[in-house]
Amino acid sequence: MKKRIISMILSVAMTVSVFALSGCGSDSASGENGKLYVYNWGEYIDEEVIDEFEEETGIKVIYDTFESNEIMYAKLAQDSSAYDVVCPSDYMVQKLIQNDLIQELDFGSIPNSANIGAQYYESASDFDPGNKYAVPYCWGTVGILYNKTMVDDVVDSWDILWDEKYSGQILMQDSVRDAFMVSLLRNGYSMNTKNEDELRVATDDLIAQKPLVQAYVIDQVRDKMIGEEAALGVIYSGEAIYTARENPDLVYVVPKEGTNVWIDSWVITKGSKNVENAQKWIDFMCRGDIALRNFEYITYSTPNTVAQENIEDEDIKNSKVAFPDLSTFPTESYQYLGEDGDKLYNDSWMEVKSAD
Amino acid sequence: MKLFKNKKSAYLMSSPYIAWALIFIVVPLCMVIYYGLTDSHGAMTFSNIATIAKPGYLKALRRSVVLALASTLVCFILAYPLGMILSSMKLKRNTFLVTLFILPMWMNFLLRTLTWMTLLEGKGVINTVLEFLHLPTINIINTPSAIILGMVYNFLPFMILPIYNSLSRIDDNVINAARDLGANSLQTFLRITLPLSVPGIISGITMVFIPALTTFAISTMLGGSKILLIGNVIEQEFTQLYDWHLGSGLSIVLMIFILINMVVESIFDKQGGLS
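These protein sequence lines are chains A and B, in that order. Okay, so the first sequence: first residue is 1 according to the numbering used here, each after it adds one. Okay, so the second sequence: first residue is 1 according to the numbering used here, each after it adds one.
I should point out that these hints are in silico values taken from the structure, not numbers from a laboratory. Values in this document were obtained by computation on a predicted structure and should not be read as measured data. A couple of the hints might just be wrong.
As the list claims (entries may be wrong) - Here chain A is said to cover these stretches of chain B; the calculated rule only asks that three of the stretch's residues, wherever they fall, bring their Cβ under 8 Å from a Cβ of chain A: (1) 56-64; (2) 120-132; (3) 237-249.
We put the CB at the ideal spot given by N, CA and C, even for glycine.
With the sequences and hints as input, model every part of the structure.
What follows is the structure in structure tokens.
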């Protein structure tokens with residue numbers, strides 16, 4: 001419950017920060033070793049870790065959060081020097097590289113980056129060829145979280161989100177790519193399609209689904225599912241452990257049509273004025289004990305092998321939700337679709353959102 | 001400007017305000033107009049403004065106007081009788097009551113709207129109480145009704161205060177004279193009180209209609225992002241899609257609506273002043 005109140009306050013703070021111009025925060029006091037501007041997802045870190053970083057390094061951290069990749073991009077595109085270190089997802093890393101908004105990393109200055117498992121670097125090379133720009137921080141899948149007391153059907157397909165039986169009980173993600181991923185996969189298309197006919201079908205499906213949807217939300221899916229406001233919700237796998245802990249009736253499944261496997265990574269902005277501090281930050285985040293503490297707090301799967309080995313709870317260590325066997329269902333990762341692709345998706349999303 | 005000895009000191013005194021207005025009003029306005037009339041290559045274009053004619057955008061605008069009108073009407077219906085009650089009260093008690101109405105405004109409006117969200121939820125506070133009393137539950141969260149409720153709740157003080165002000169300024173003697181000359185209550189109200197309070201009504205309507213037309217926070221929180229208003233569209237263009245040109249173009253369209261509203265207001269204001 002405490003976490004719920006915190007998340008409410010945070011979401012207000014986030015909305016307020018939309019009004020505020022970038023950077024007009026508490027940057028008055030500076031640490032003895034300078035400052036570091038960090039831009040991360042909301043509730044995506046154990047806040048005590050930030051304090052510890054400040055104590056150990058003498059660097060003052062100015063920590064801001066965002067709710068979607070798109071919001072983060074809009075801010076960096078406006079001024080890439082506003083932040084030093086950022087945590088975007090796969091396709092957004094690709095977009096940032098292509099638009100020259102982030103810089104190549106000096107891995108020699110980030111020794112702990114070796115703690116990240118080789119297979120994650122390999123996956124990351126899809127969006128970051130040659131692993132030059134990004135160090136993986138968290139990864140996971142997207143699936144359906146459902147309440148087993150409210151749903152009596154077998155949940156194994158995205159189709160259930162179109163079942164009229166659950167009208168008003170469904171929560172969808174309020175972000176372009178995740179919403180279309182569900183609709184495209186359900187129709188057997190690629191989540192990265194640029195085929196206008198396929199996108200047309202997916203758009204019509206989402207419009208048809210709209211009357212059944214209770215709300216389009218992002219972070220609130222978690223609280224609403226715990227509070228039993230809805231029966232089914234599209235959610236990131238990282239929330240599954242936390243939600244099941246808070247409400248044992250909640251079950252997470254990856255539908256048989258497959259899902260998006262995503263990786264969020266640390267990158268350093270092109271305009272960063274504190275590159276050395278940013279390297280120290282990434283190095284700190286890759287430390288086994290720190291990664292473990294973050295994992296235990298946010299419950300998003302860590303790619304850090306040292307942290308993985310040291311998880312005490314055997315159930316979680318062997319959890320198929322936290323560390324799924326990716327060969328058991330079809331997977332794909334988001335690709336950056338270019339400006340025309342973005343426009344196609346955004347226009348379609350606008351059509352869905354403005355439908356009656 | 002008798003307050004100042006000469007023009008020079010008047011200018012000097014007003015310079016902070018002029019600087020403020022330049023930096024925070026004129027410059028941003030010019031930027032909006034510049035972005036709204038150019039494309040990403042900096043070439044002059046009207047396509048941003050013309051986008052409003054596209055079905056999705058037009059729908060959002062129409063929905064915004066309808067919801068804003070509805071909430072303005074509800075605000076007016078609630079505020080006018082209240083204004084009359086307040087202005088007819090003895091001074092001490094009514095300042096206390098007026099303060100009561102302003103009091104919620106001391107809290108951040110986002111927090112208050114968020115509170116409505118938790119109140120109205122399917123298993124929220126209101127429904128829990130209703131269920132406990134074995135009464136039928138209400139299910140208006142994520143519907144236009146919830147958005148209107150949020151707008152009315154947030155903007156009601158902006159309607160009450162100007163109406164209360166204009167009503168309390170009406171000289172009692174005018175009303176007594178009307179009664180002396182044989183007008184009944186209804187006639188006094190229709191021919192004296194109502195016309196004299198028109199300026200207050202008009203500024204109240206403006207102060208409710210404009211924020212209601214442009215809001216995006218209320219519709220996001222109480223509409224579950226399902227009901228897209230023009231304010232949400234503009235917000236998305238800026239924060240999610242990074243299309244400042246389109247966002248500014250749509251803002252210009254919205255400004256035109258606000259200008260129309262202000263022209264109507266000034267016409268009524270003049271008439272009110274004359275009578």
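Hint check:
1. 56-64: holds (count 4)
2. 120-132: holds (count 3)
3. 237-249: The restraint on the segment 237-249 of chain B holds, since 5 of its residues have a Cβ under 8 Å from chain A and three suffice.
In terms of the numbered hints stated before, the structure departs from none.
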